[in-house]
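*Asks:* Each chain, written out:
There are 2 protein chains.
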Amino acid sequence: MTDWDILYASRMRSVIASDIRERMKLLDASEIIHLGGGLPDPAIFPYGALAASSAAIWADPARARTALQYAPSEGHAPLRKWIAERMTGEGTPCTADNILITNGSQQGLDFIAKLMLAPGDKAMVEIPSFIGALRAFDAYQPHYIGLPQDSAHWDAKALGGAKFCYVGPDFRNPTGTTMTLGERETLLDLADATGMALIEDGCYEALRYDGAPLPSLLKLATERHGNIEKAPVLYTGTFSKTIAPSLRVGWIAGPAYVIRKLVLIKQASDLATSALNQMLLLDVVQTALDDTIAQACLTYRDRRDSMVDALREAMPPGVTFTRPEGGLYIWAELPGEMDATLFAQRALTEHRVSIVGGAAFYPAGTGAIPGRTGSFRLSFSMIDADRAREGVMRLGELARQMTLESA
Amino acid sequence: MTDWDILYASRMRSVIASDIRERMKLLDASEIIHLGGGLPDPAIFPYGALAASSAAIWADPARARTALQYAPSEGHAPLRKWIAERMTGEGTPCTADNILITNGSQQGLDFIAKLMLAPGDKAMVEIPSFIGALRAFDAYQPHYIGLPQDSAHWDAKALGGAKFCYVGPDFRNPTGTTMTLGERETLLDLADATGMALIEDGCYEALRYDGAPLPSLLKLATERHGNIEKAPVLYTGTFSKTIAPSLRVGWIAGPAYVIRKLVLIKQASDLATSALNQMLLLDVVQTALDDTIAQACLTYRDRRDSMVDALREAMPPGVTFTRPEGGLYIWAELPGEMDATLFAQRALTEHRVSIVGGAAFYPAGTGAIPGRTGSFRLSFSMIDADRAREGVMRLGELARQMTLESA
Chain A
1 MTDWDILYAS RMRSVIASDI RERMKLLDAS EIIHLGGGLP DPAIFPYGAL AASSAAIWAD
61 PARARTALQY APSEGHAPLR KWIAERMTGE GTPCTADNIL ITNGSQQGLD FIAKLMLAPG
121 DKAMVEIPSF IGALRAFDAY QPHYIGLPQD SAHWDAKALG GAKFCYVGPD FRNPTGTTMT
181 LGERETLLDL ADATGMALIE DGCYEALRYD GAPLPSLLKL ATERHGNIEK APVLYTGTFS
241 KTIAPSLRVG WIAGPAYVIR KLVLIKQASD LATSALNQML LLDVVQTALD DTIAQACLTY
301 RDRRDSMVDA LREAMPPGVT FTRPEGGLYI WAELPGEMDA TLFAQRALTE HRVSIVGGAA
361 FYPAGTGAIP GRTGSFRLSF SMIDADRARE GVMRLGELAR QMTLESA
Chain B
1 MTDWDILYAS RMRSVIASDI RERMKLLDAS EIIHLGGGLP DPAIFPYGAL AASSAAIWAD
61 PARARTALQY APSEGHAPLR KWIAERMTGE GTPCTADNIL ITNGSQQGLD FIAKLMLAPG
121 DKAMVEIPSF IGALRAFDAY QPHYIGLPQD SAHWDAKALG GAKFCYVGPD FRNPTGTTMT
181 LGERETLLDL ADATGMALIE DGCYEALRYD GAPLPSLLKL ATERHGNIEK APVLYTGTFS
241 KTIAPSLRVG WIAGPAYVIR KLVLIKQASD LATSALNQML LLDVVQTALD DTIAQACLTY
301 RDRRDSMVDA LREAMPPGVT FTRPEGGLYI WAELPGEMDA TLFAQRALTE HRVSIVGGAA
361 FYPAGTGAIP GRTGSFRLSF SMIDADRARE GVMRLGELAR QMTLESA
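Taken in sequence, the protein lines are chains A and B.
Once you know that position 13 of the first sequence is 13 in the numbering used here, the rest is easy, because the numbers rise by one and skip nothing.
Once you know that position 300 of the second sequence is 300 in the numbering used here, the rest is easy, because the numbers rise by one and skip nothing.
Hint data in this document are derived by calculation from the structure and do not stem from the laboratory.
Just to be clear, a hint being listed does not mean it is correct.
Unchecked claim - Going by beta-carbon spacing under 10 Å, a handful of chain A positions derived as facing chain B:
1) Y8
2) G132
3) G195
4) P245
5) I265
6) L276
Unchecked claim - EDC-like cross-link-like pairs, simulated, lysine to aspartate or glutamate; straight-line CA separation at most 16 Å:
7) K230/B with D5/A
8) K81/B with D97/B
9) K230/A with D3/B
To be verified - Sample of chain B residues lacking proximity to chain A, with all beta carbon distances greater than 10 Å (derived):
10) S30
11) Y209
12) E397
Every residue gets a Cβ at the ideal spot worked out from N, C-alpha and C, and that includes glycine.
Using the sequences plus the hints, can you model the full thing?
*Replies:* Encoded structure:
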């Protein structure tokens, strides 16, 4: 008889569903205040523009045929061109040859890991890091090393030998923090000195609520080396946060030489991204992207402000939290020895508030790191200010209760 | 400086674009008679049903929200349920828990290989096999072993130790041949005796033009073991050949226990398939699937007949070819020592006919196999009968010419 457990590759045997996901299924979802997930607010999606684009595609037989037939693995040519022109306009000169269309940026991260990682290869990541990136990389069994938080320690001798360093320069998931211009330059120095690549997760870049935009690593590297072809950076972008997630359209931008290799990976993995969705997306970015981004920034800025205010009011002394300049997340740390996994469990079961304990964002094998046990992530994107405030108040109550219990 | 070639994982260094793909780019595509690619005919796609479904989704705010927000990694629940009910109705009792939605069946093959293969693991395949499956498996570095063509040699002692055997029982790509009921039972015996899994590519199953349908391996295994949960089979299905490729919706069906593991792979690879496309698909299969399949079978049956007739007329003695009962492909073999790679090159450059030389369908490392150098694949799906006939006539001329040259 067939025993599937024996047939799994060893790297896949230990992969199990996250506790939180499973626990959520046991509870009636409607009564929970969700501060955990980072879904974009569907009220912002450009429904009218998408409906108009759909109708126009079905009304034109030639476009309808293109929308339903297999698309090129590298992506729908006019969309690749549009993205390249947009990036060029923002200061990163490139062409369609520098763009591969992917199913959201998650697929971009998977493909880059598939291209570069063999078991035991060193992969450098910020700690904590986006869970989705860690799960994508895990499948190729890297040995994780942490990029030190203090850029004074970004030393080529100590940090050599990694295939790549994965970073989210703008308001990254989960911490909401942003790399300074100096840190970006220092990281490029490190890449040049060690020969590693930089994987730049740009998925929140457009969602900036305060402060001046900073240049992407890809832009800085293109300036520094004179040409995107010489940049040691692969940039993953997405329309999931600016238009809508379920069109599943993102992209990788980088040297054409590397993009050609990634196209072959796309072909072997799922042939191509839906042509229909790429055509819808192209219509909509041309008419509605800037307005949709402006609307998203207005909405999310208010919610961030409201949540930061609520945290200031509700949290007992010793709880610290970030105030992100953009993106969807606030990162909080509990004082002393307080355990955030337990905190998240009790928040859900006793107070009906879902948050994500920070432990999930720390890659396997990177040992004891400050914040590993005591941190958690909040998102302000999906929920109106009053309900989020109620959730934060309940978390404050729990934090005070646990402080008393541990005293 | 960063040298990307050094950063690639070794398994990816040798991956290059196929010769044919590159050569095609050099020629003016409009003057070529394409008998190579196996694209479905866009004249058959159900445009009206898709336009109506789109309009209905955008007109309903709740459905529009669902269509654009992140979908569950396992797939849109009503579509999973519909597929399970359809498979149950066709004699394979199962539930939504037995179904994972993928981006076409190509992604299903990638995920199954990602789940099961470690470098050096044995993967058994029919020889020749679907190129897309080989490219998906290649990324996980299996050691290929060939399933002997004659089922009298399907011996558990000689063929043990493989993680799985990948087969296309119905009119498979590239040969167009179909496994008999006896071969299917013998293959299930082999799986039971060796403990390996069977990966059943069901992508052409609905496109049968002659003869009585045969039960799928999944159906036979479910009957044999009393329950899909005990079947050693993962079945990959797709709507690419029956509705339209660029919705990019397919599925894996199998034991729920294995599907749950594959859901985690889906999550790490690209989070989820487009909810919009799954909803469009569900609307369309409910109203138009059977009619679209009937129309496709009518169209493709005529084209197959016409191409088989043309081959009989045009080919010199010694050229053999299959007459498939369904699907999109005919497999031909040249006589003697004639080389099909050269034949395909000359067909393209001298006669402006594209075909696919058979060598691409033979997995690396499986050595000298009859048909390896002399075979090629023709497709009759995309092109009208007269133009296909003209293409076959030119191929016949070339075959006669090469016969004379080698005499």
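*Asks:* Starting from the hint list further up, note which numbers the structure goes against and sort them upward.
*Replies:* Of the numbered hints given earlier, the structure breaks none, since each of them holds.
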